[in-house]
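Here's the letter readout for the chains.
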Amino acid sequence: SGELYCSLPNPRNVRFESINMKNVLHWSAPEGTGDGVLYKVKYAVYGVGKWIRKPECRNINRTWCDLSSETSDYEDQYYASVKAFLNGACSDWMETTRFNPLTDTKIDPPMVSVSSTDRSISIILTAPEKWKTSPGEESISLLQVYPGLQYNVSVLNKKTKKRWFFSISNNTLVVPWLEPGTAYCVSAQIHVPTPVLDSGFSK
Amino acid sequence: TAGVKIFHFGACRVPMSMTEIRAGFTAIKANIQSRDPIRTLSILSHPHSLHKVKSSDRCCITYQLFTFYVDKVFKHCRTEDSFVNRKISSIANSFLSTRRKLGQCREQNNCMCGEESTEKFKQILANYEGLNVTSAAMKSLGELDILLDWME
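Residue numbers (the working numbering), protein chains in the order written: chain A, 1 to 203; chain B, 1 to 152.
Possibly wrong hints are sitting among the right ones.
[Unchecked claim] Only part of the chain B face toward chain A is listed, based on derived beta-carbon distances under 7 Å:
1. Thr19
2. Arg22
3. Ala30
4. Arg39
5. Thr40
6. His48
7. Ser94
[Unchecked claim] Mimicking SDA-like on lysine to any residue, the simulated pairs with C-alpha atoms at most 25 Å apart in a straight line are:
8. B:Lys52 <-> A:Lys83
9. B:Lys5 <-> A:Lys50
10. A:Lys50 <-> B:Glu152
11. B:Lys5 <-> A:Thr103
12. A:Lys132 <-> B:Glu152
13. A:Lys106 <-> B:Met151
14. B:Lys5 <-> A:Gly148
15. A:Lys83 <-> B:Arg39
16. A:Lys22 <-> B:Thr26
If you're looking for bench data, these hints aren't it; they were derived computationally from the structure. Note that the structure is predicted; figures quoted are calculated from it, not measured. All C-beta atoms in this analysis are idealised placements derived from N, C-alpha and C, irrespective of residue type, glycine included.
Based on the provided sequences and hints, a complete structural model is requested.
Below you can see the structure in the form of structure tokens.
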């Protein structure tokens, strides 16, 4: 069938890396192969009977492939696989573990906007959006994807180093009784109780 | 209590330790799913997705699915790994207590089975019976996140 004899070492560490459901397949080059290795990629929806080739990632020399649009339905789970080619030889297909976009993505910190009066701070938090696979696609906030999404907010008095923590479900917070003329540092994190997902704290 | 979620099925309220179950499953997910080599078949999600079930049928299909996991899945999922076995039995115990509460809903007539959920559950059983018991049970356990995602 014209299938090449697969004696090339396999691509390593084939896995999805996902942030805000931007789902990118990554791998490491086969051991000891140096330059010139080319790759092709295929993916499958779990439970559906066929593997699908990704044309944009055919005969590529980079070690990643953006499969966001192919894996954008987060009600499904997926597998992806990579094969390496060099000088007429090839490797085996190397697969990811099962990828569940809903539970296996990482979430960016929220956007934090702050306004103040002389004795209070008003904080407005905005959750990141689900990665858009094309500019025209409708924006979906991760709040819609994770209805139980909460915010953990930290407010630090830079003079006294005293810190307050708040955990809120809505996206606004007013911190009263502050000291006039004092600098405060506000930082926020997203917390999804189930499936458990936590972003880092915003800068 | 932290991590307990209340599911509302009509007039019926069913508390479930979702965070605990999710944490238990996450700890063994890679191990369990690696024991299921069949990519092309799913017990729960194909050909009919759980996400297409009407809300009026949610209580009934949830009760049927919990009964399915208690009676046909957990008991066939023993492994050689004691850590994995402990996590499985902890999840099974949570399912048992939730199924008991769902059963009470059924007795109070709050859990009606429409044609759609009956059909959907038949499909799930057909998918399950298409494999040998151990493979079917392990595949079903590996799909627990599909069930939990749908419930939430």
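Here's how the hints hold up against the structure:
no., hint, in the structure
1, Thr19, "holds, 5 Å"
2, Arg22, "holds, 5 Å"
3, Ala30, "holds, 6 Å"
4, Arg39, "holds, 5 Å"
5, Thr40, "holds, 4 Å"
6, His48, "violated, 11 Å"
7, Ser94, "violated, 13 Å"
8, B:Lys52 <-> A:Lys83, "violated, 36 Å"
9, B:Lys5 <-> A:Lys50, "violated, 37 Å"
10, A:Lys50 <-> B:Glu152, "violated, 29 Å"
11, B:Lys5 <-> A:Thr103, "holds, 18 Å"
12, A:Lys132 <-> B:Glu152, "holds, 23 Å"
13, A:Lys106 <-> B:Met151, "holds, 21 Å"
14, B:Lys5 <-> A:Gly148, "holds, 10 Å"
15, A:Lys83 <-> B:Arg39, "holds, 18 Å"
16, A:Lys22 <-> B:Thr26, "holds, 21 Å"
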